[in-house]
Every structure is written in C-alpha cells, then in structure tokens.
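Chemist: Spelled out from the first residue to the last, the chains are:
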Amino acid sequence: EAGVAQSPRYKIIEKRQSVAFWCNPISGHATLYWYQQILGQGPKLLIQFQNNGVVDDSQLPKDRFSAERLKGVDSTLKIQPAKLEDSAVYLCASSFFRSRELFFGEGSRLTVL
Amino acid sequence: DAKTTQPPSMDCAEGRAANLPCNHSTISGNEYVYWYRQIHSQGPQYIIHGLKNNETNEMASLIITEDRKSSTLILPHATLRDTAVYYCIVKISGTYKYIFGTGTRLKVLA
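Protein sequence lines correspond, in order, to chains A and B.
So for the first sequence, the numbering used here puts the first residue at 1; every next one is plus one.
So for the second sequence, the numbering used here puts the first residue at 1; every next one is plus one.
Hint data in this document are derived by calculation from the structure and do not stem from the laboratory.
Every residue, glycine too, gets a C-beta built ideally from N, C-alpha and C.
Don't take every hint at face value.
[Unchecked claim] Computed cross-link-like contacts, SDA-like style, restricted to lysine to any residue with a CA-CA straight-line distance of at most 20 Å:
| no. | chain 1 | residue 1 | chain 2 | residue 2 |
| --- | --- | --- | --- | --- |
| 1 | A | K11 | A | Q80 |
| 2 | B | K3 | A | Q59 |
| 3 | B | K97 | A | G28 |
| 4 | B | K97 | A | P8 |
| 5 | A | K44 | B | K91 |
| 6 | B | K91 | A | L45 |
| 7 | B | K91 | A | L46 |
| 8 | A | K44 | B | K97 |
| 9 | B | K52 | B | H40 |
| 10 | B | K91 | A | H29 |
| 11 | B | K91 | A | F96 |
| 12 | B | K3 | A | A20 |
| 13 | A | K83 | A | G28 |
| 14 | B | K97 | A | Q37 |
| 15 | B | K69 | B | P7 |
| 16 | B | K97 | A | F97 |
| 17 | B | K91 | B | H49 |
| 18 | B | K97 | A | I26 |
| 19 | A | K44 | B | I92 |
| 20 | B | K97 | A | Q50 |
| 21 | A | K44 | B | Y96 |
| 22 | A | K44 | B | K3 |
| 23 | B | K91 | A | S58 |
| 24 | A | K44 | B | H40 |
[Unchecked claim] Computed list of chain A residues with no C-beta within reach of chain B, every gap over 10 Å:
| no. | residue |
| --- | --- |
| 25 | A2 |
| 26 | P8 |
| 27 | I13 |
| 28 | E14 |
| 29 | L45 |
| 30 | N51 |
| 31 | G53 |
| 32 | K62 |
| 33 | F65 |
| 34 | L70 |
| 35 | V73 |
| 36 | P81 |
| 37 | A93 |
| 38 | L110 |
Sequences and hints are given; from them, build the entire structure.
Modeler: Here you go:
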C-alpha cells in the first residue's frame with residue numbers, strides 16, 4: 001500500500017516569497033491533516049480536512065497560510081508571504097474515517113532566508 | 001484539551017526494556033491515550049493506543065494506571081533502531097484531533 005506522498009521534500013526561499021506544498025494521502029483516507037514542526041518541537045496542527053471540508057483551522061495563520069483539498073483527495077498548503085519563523089517541516093497525515101491511526105508523510109522541509 | 005507531560009530524554013541499554021512514562025492527569029473518561037514515535041527526518045509513526053486496559057502489539061506494550069492519570073510505554077527489547085522521539089498524545093474526545101507535546105527523546109545505547 002502506498003504511503004502518504006509529499007512534495008517537495010526540501011525548499012529554500014527568501015522571506016516575502018511564496019511557497020506551496022502538495023500532499024497525496026493514502027487512497028480512501030477521508031481525513032487529512034497538515035502539521036507544522038519547528039526544530040526541537042512536536043508537530044503542531046495547522047488544519048484538518050474531512051473529505052473536502054475544513055474541520056479545524058483554528059491554528060492556521062490565515063493572513064499568510066491557506067490550504068485546500070479539492071475533490072477530497074490531494075491537498076495543497078500555501079504560504080504567502082513567507083516569514084523567517086515559517087522555517088519548519090510541514091507534515092501531512094491522513095487517516096481512514098473513524099480510524100484511530102494517523103499515517104504521516106516524510107514531510108517538506110522549508111527554509112526561509 | 002487534555003495535556004500530557006513526558007521527560008525530555010531517556011537512555012536505555014540495547015536489549016533491555018525501555019519504559020517511557022507519561023502523565024495525563026486531566027484526561028477525560030472517554031479519551032484515548034496514543035503513542036507515536038518519530039525517527040530522525042521521518043514523519044511520526046503510530047505505535048499503540050489504549051483507553052483503560054493494558055494493550056500489547058508487535059511493537060510495544062501500553063500500561064495505563066487504574067485512575068488513567070498516567071501511562072507507560074514499554075519497548076521490551078530495545079534496539080538501536082528504537083532511538084527516536086516518543087510522543088504521548090491524548091486524542092480530544094469526539095474529534096479526530098491529535099495534539100502533540102514535545103515528547104521524550106529515547107537514546108538506545110550499544
């Protein structure tokens with residue numbers, strides 16, 4: 001079974017530029033999460049989708065971050081404009097509806113200079 | 001949200017049991033305890049979860065105290081590949097929301 005796919009694995013940009021990360025969850029998984037993990041910290045939930053609807057985006061900095069999950073499958077997380085403090089690994093996870101296990105991708109490492 | 005408290009780091013000798021504690025004194029009656037681990041440069045990996053009974057699978061055992069205020073993850077025979085950050089998480093009741101803390105960095109020594 002293919003795992004959660006994320007791209008790009010690494011991205012370096014300058015502050016005020018924009019960046020987008022893509023996630024393809026495991027086939028059939030209705031729930032999709034985006035987490036931000038700053039070095040030395042645990043993952044912090046940014047947004048949670050159920051199919052193509054947003055369940056929780058209370059921790060998403062909406063002035064610069066946006067996310068969408070068109071057709072309830074792939075998802076894109078965008079940052080515009082980026083700040084230095086956005087340097088982190090962005091993790092995508094998915095789970096089967098009512099499943100208790102999250103499956104994580106390998107993450108996309110962002111460095112903002 | 002139920003909070004968890006874990007020691008920041010632990011060492012364990014290879015081949016010995018690793019016992020990782022977690023306090024979750026504000027846990028509600030229907031909230032599950034989950035454990036994940038994160039090996040360097042990878043995404044977190046599910047290990048085990050439980051409600052009130054002890055649980056065991058091929059990776060680990062989970063011991064939850066009777067009052068459910070704390071739990072212990074046991075890796076029965078730790079190997080070098082078990083070196084990772086281990087997260088104890090209480091899933092928010094009625095949601096699929098998982099709040100990670102800072103975890104315990106386990107180092108297995110040869």
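Chemist: If a hint holds in the structure, say so; if it does not, say that too.
Modeler: These are the hints, each one checked on the structure:
Restraint check: the Cα-Cα separation between A:K11 and A:Q80 comes to about 14 Å, which is no more than 20 Å; the hinted pair holds. Proposed proximity of B:K3 and A:Q59 is supported: the alpha carbons are some 17 Å apart, at most 20 Å. Under the criterion of a C-alpha separation no larger than 20 Å, the hint pairing B:K97 with A:G28 is consistent with the structure, at around 19 Å. Note on B:K97 and A:P8: the hinted pairing is violated, with a Cα-Cα distance of about 25 Å set against a maximum of 20 Å.
Among the hinted pairs, A:K44 with B:K91 is consistent with the structure: their alpha-carbon atoms are about 14 Å apart, no more than 20 Å. Taking the CA atoms of B:K91 and A:L45, the gap is about 13 Å. The hint holds against a cut of 20 Å. About 16 Å separates the Cα atoms of B:K91 and A:L46, which keeps this hinted pair within 20 Å; it holds. Restraint check for A:K44 and B:K97: satisfied, since their Cα atoms lie roughly 11 Å apart, inside the 20 Å limit.
Restraint check for B:K52 and B:H40: the C-alpha separation of about 31 Å exceeds 20 Å, so the hint is violated. With a C-alpha separation of about 18 Å, the suggested pairing of B:K91 with A:H29 holds against the 20 Å cut-off. As the CA atoms of B:K91 and A:F96 are separated by approximately 16 Å, the hinted pair is consistent with the 20 Å bound. Simply put, B:K3 and A:A20 have alpha-carbon atoms about 32 Å apart, too far for the 20 Å limit, and the pair is violated.
Between A:K83 and A:G28 the CA atoms are separated by roughly 35 Å; this puts the pair beyond 20 Å, and the hint is violated. The suggested pairing of B:K97 with A:Q37 holds, with an alpha-carbon distance near 16 Å, which does not exceed 20 Å. With a C-alpha separation of about 16 Å, the suggested pair B:K69 and B:P7 falls inside the 20 Å cut-off, and the hint holds. With a C-alpha separation of about 12 Å, the suggested pairing of B:K97 with A:F97 holds against the 20 Å cut-off.
Distance hint between B:K91 and B:H49 is fulfilled; the C-alpha atoms sit about 10 Å from each other, no more than 20 Å. A C-alpha spacing of about 18 Å is found between B:K97 and A:I26, which places the hinted pair at or below 20 Å, so the restraint holds. Among the hinted pairs, A:K44 with B:I92 is consistent with the structure: their alpha-carbon atoms are about 14 Å apart, no more than 20 Å. With a C-alpha separation of about 11 Å, the suggested pairing of B:K97 with A:Q50 holds against the 20 Å cut-off.
Proposed proximity of A:K44 and B:Y96 is supported: the alpha carbons are some 14 Å apart, at most 20 Å. Taking the CA atoms of A:K44 and B:K3, the gap is about 14 Å. The hint holds against a cut of 20 Å. Of the pairs offered as hints, the one joining B:K91 and A:S58 holds, with about 17 Å between alpha carbons and a cut-off of 20 Å not exceeded. Note on A:K44 and B:H40: the hinted pairing holds, with a Cα-Cα distance of about 17 Å set against a maximum of 20 Å.
Taking the minimum C-beta to C-beta distance to chain B, about 14 Å, the non-interface status of A:A2 holds against the 10 Å cut. Against the 10 Å criterion, A:P8 stays outside the reach of chain B, whose nearest CB is about 15 Å from its own CB. Under the 10 Å C-beta cut-off, the non-interface status given to A:I13 relative to chain B holds; the minimum distance is some 20 Å. The claim that A:E14 is not at the interface with chain B holds, since no C-beta of that chain comes within 10 Å of its own (minimum 24 Å).
Residue-level check failed: A:L45 sits 7 Å from the nearest beta carbon of chain B, not beyond 10 Å. At roughly 12 Å from the closest C-beta of chain B, the C-beta of A:N51 stays outside 10 Å, upholding its exclusion from the interface. Here A:G53 stays apart from chain B, with its beta-carbon at least about 13 Å from theirs, past the 10 Å limit. Every CB of chain B is more than 10 Å from the CB of A:K62 (nearest about 18 Å), matching its label as outside the interface.
Every Cβ of chain B is farther than 10 Å from the Cβ of A:F65; the closest lies at roughly 18 Å, confirming the non-interface assignment. Every CB of chain B lies more than 10 Å from the CB of A:L70, the least distance being 21 Å, so the non-interface label holds. Taking the minimum C-beta to C-beta distance to chain B, about 18 Å, the non-interface status of A:V73 holds against the 10 Å cut. Once the 10 Å rule is applied to beta carbons, A:P81 is consistent with being away from chain B; the minimum gap is 27 Å.
At roughly 7 Å, the least C-beta separation between A:A93 and chain B is not larger than 10 Å, which violates its mark as non-interface. Even its closest Cβ contact with chain B, about 14 Å, leaves A:L110 beyond 10 Å, as expected for a residue assigned away from the interface.
Of the numbered hints listed earlier, those contradicted by the structure are 4, 9, 12, 13, 29, 37.
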